[in-house]
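Following the hints, put chain B in place on chain A, whose structure we already have.
Sequences listed follow chains A and B, in order.
Sequential numbering from -2 applies to the first sequence in this note's numbering.
Sequential numbering from 240 applies to the second sequence in this note's numbering.
It is worth saying that the hints were derived from the structure and are not from the lab.
C-beta: ideal position from N, C-alpha, C; glycine also.
Any given hint might turn out to be false.
[Stated by the list, open to error] Under the rule of at most 20 Å between Cα atoms (straight-line distance), these lysine to any residue pairs were calculated in the SDA-like manner: (1) B:K273 to B:I486; (2) A:K306 to A:A345; (3) A:K149 to B:Q451; (4) A:K143 to B:L453; (5) A:K47 to A:G75; (6) A:K105 to A:D30; (7) A:K143 to B:L458; (8) A:K155 to A:Y225; (9) A:K143 to B:R450; (10) A:K328 to A:S301; (11) A:K105 to A:G94; (12) A:K47 to A:R28; (13) A:K42 to A:V52; (14) A:K143 to B:W454; (15) A:K158 to A:E195; (16) A:K250 to A:G75; (17) A:K143 to A:G117; (18) A:K143 to B:Q451; (19) A:K149 to B:W454; (20) A:K105 to A:S95; (21) A:K143 to B:T448; (22) A:K149 to A:T133; (23) A:K118 to B:T448; (24) A:K105 to B:T448; (25) A:K143 to B:P459; (26) A:K118 to A:K143; (27) A:K155 to A:E113; (28) A:K149 to A:A135; (29) A:K250 to A:S41.
[As the list claims (entries may be wrong)] Computed list of chain B residues with no C-beta within reach of chain A, every gap over 10 Å: (30) D265; (31) A300; (32) V398; (33) M402.
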Amino acid sequence: MHGTQPLDPSSTPQAARRIEVRGVSKAFGTRADEALELARQGVSKSEILKRTGAVLAIDDVSFSVDAGEIFVVMGLSGSGKSTLVRCLNRLHDPTVGSIEIDGEDILKASEQRLRELRLGKITMVFQHFALLPHRTVAENVEYGLKMRGMGKAERREKALKTLENVGLAGWGDRYPHNLSGGMQQRVGLARALALDPEILLMDEPFSALDPLIRRDMQGELIELQRRYRTTIIFITHDLNEALTLGDHVAVMKDGRLAQVGKPAEIVLNPADDYVSAFTRDIDRGRVLPVRTAIRRAADSAALSALIEKGAASIEGSRPLHEAFGLVSGGKPVVVMGPDGKPEGQFDATDMAAMLAGDDAGKGQPAQVRPETDQTRQGQTKQGQTSQGRS
Amino acid sequence: MSDSMNALRAATDLARPSHYGELPLDDWIQAVVKDWLVPVLRPFFRMLQMPIQMLLDNLQALLLAIPFAVLLIVIVLGAWRAAGRGVAIFTLVSLLLLDWIGIWRETMITLAMILTAVVFCIIVGIPAGILAARSDRAAAVIRPILDVMQTIPSFVYLVPIVMLFGVGMVPAVIATIIFALPPLVRLTNLGIRQVQEELVEAGRAFGSTSRQILWEIQLPLALRTIMTGVNQTLMLALSMAVIGALIGAGGLGLIVNTGLGRLDVGYASVGGLGIVLMAIILDRVTQALGETGKDGKGAGG
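This is chain B alone, in the form it adopts within the complex:
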């Protein structure tokens, strides 16, 4: 019985390509990326990282230079204005706790990294979303790119990023941008497309150019959805804090990774707590900012 099975398997194996030798796809990619892409494109990517480096350095220096009490008051007042008293109190207590457990400096480093990533996400993502909303052809190109960005595990693109940009904060920010960008593009596109057709028609009927329609009608009415996108991008960026630490980012992610390496559950938890508290504060504040566009409700009566 097993003889006949083996014969059958041998026969069907003839249909498997691997029977005739394995395709060295990994070698090929390795060769292309390492021997061609990286050397050729490195200067270009180095240039690309300049603005990120600048913003990141300045932001981090600023956050660390401002005296603790001043920064505390500014952030708490900002949270109060944007999201009300409850969130402000929560913010105050959280920030005091973060300092008390000794991770204030790391929190500020992570905050600088995330804010930098989000700023660049906004610079790239909102125009891309607008483009996708105004042209079906652009949308057809952009959508699969976003699908790829969202489905490729971040560990896969960490390697080429390290090859292109080296190790450090900036490569971590770039990985974060790739990871956190898609929802902002998608929601900007969605928000603009959801604006009632009749309102856009009214804009055209009253002599507006398409640029005027964008600024006077579509963007204001899409603002809420776009702010949801910013919020989502911010949350995703925070979730990259730990992964970013694998390629040299400091801050809270590094604490978690170090704790993991030493099996020091206490140390890892402290870092994790910092990330969670920061996430809650940023989430509440950005959500509240989105709500301020609430005149947009009941569009068209």
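Same shape as in the complex, but just chain A:
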């Protein structure tokens, strides 16, 4: 899953804001407003449920998503992540807050406008695929096009082409129950992609799949995303999946965002004990970029000299595990910046420390550790920690 770190600024030139979520809360129940009032007073969720009968699913959530990124919302079941994603296409109506998509407040959209949005701009992939069992694969993919009013021949052609793109050429006339889970989810994906969406909402799309299939699908999703530059909101309960896929990851707990940040930030600077507990058993070699292993600041002349002496070099945004081979000889490895200039160096010990996690990293002065997403944010100061963008 290399290359998922969006640390290369050339690929995302000051990306445009696509989704802006501000202060969104959602309570289910007839006395939702009362429930929110109580929540503002700091009353606990279980107490709110007891007093008003309303379930507070999302509590004052704000975040923004840039065009062309994969934004992952990670949380355990009951954390409100599925409700949150359903607010973005208004399958659920938030109780308060605002959601802007390309500057348009979709909470004010009419029923008609909402249908337009759902048929062109925002489509969705579901956890249990949600394919119509009485329709063939191709008819399922055609569904949105049919709702759009496209003619039969035209939409069939489009559906078959989309099926080909997701690797299901020739399966159009079968029924969903003839297909494996992974293939069914490809159909679900094709149904969403057939509408050429700008934003793709994915509600735990791979959670129902076997681990191996899941990994394939993750890889293919990244490929598809690169090809179409679709903005993706991805929901998952698996932090590894979140960190692998996400350009930004939001960790959700009890309806609130515990932390929003780049994968490396989440791992290296967890906002609280809850997030840090999650990060303990993730695969750091795949999640962290090699840049994070730099321990000693060095001037570029010395680094250039090292390269001339034959030291290996690697681009700073590559995941750590790709450098395993390079450090095996005990020699230092030079980290190159996106501009092709050397940024720093590390060796096997530095790398081991970074892979082992916080215990081994203690004792190192924090300001020496370079900021992990400086290039994207355009920051140059080192040692700055950024906690989310909400």
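Below, chain B alone, put in the same frame as chain A:
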């Protein structure tokens, strides 16, 4: 000892309302229905019975006009197509037997009556079921009405029906509709509500209106359950054949009733056999029709 008992009873009787006179509820109902409801509403109910009368007359005339051999072949082929060879053979033998024992004409009259009742049950019941499925408020209104329809013994509503509609086939069909309607409404409601929430969400997420969701997603997936409802309605309608004969319906029910009146067990049994054979054929065929919606299984993988 008995003195004290009597004193006690006399004292507690003071708590019984009937001690002070009986409430003439029956008279009141009688007065309301007979002197007010019937005269006022009779024109309305007469109008209501028009379409039933028309369908019933045409259906009966048609079934009786088609030559025996032609109708036999049509029904047997239909059963074959819908339910396979076994049911087709059973149908063939049964129909031949019904003619042989001399009740073919009565069977067709009963069939016309039942089909008419079921057609109107479908016209009323499926929309009512859809309404109940889509609105909890509608469901809250419809459910107690269905409970009443199912618990009131049919003999109770035979009387006002006769007062409103007179005696004959049409009142019998109306009584049959009241008796046979509830399961279709309930099962239509159930079938639609059982469609996976995620599928309905997918419909909305892909820009469908609620009408499109109904036709594209909910009804096709509920079809099997709805067909079970049609099957149940058909069976209940058949079971009303005999009761309907009490208020003037002809056909197999009349044979049973006549046999009962004359204590002619043979004659009554012949009518009963006709009803049973018809029930089996209709049951198998409609069940098989419901099975054709079997792509609906394993919804959502």
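Worksheet item: Does the structure break any of the earlier hints, and which numbers would those be?
Response: Failing hints: none at all.
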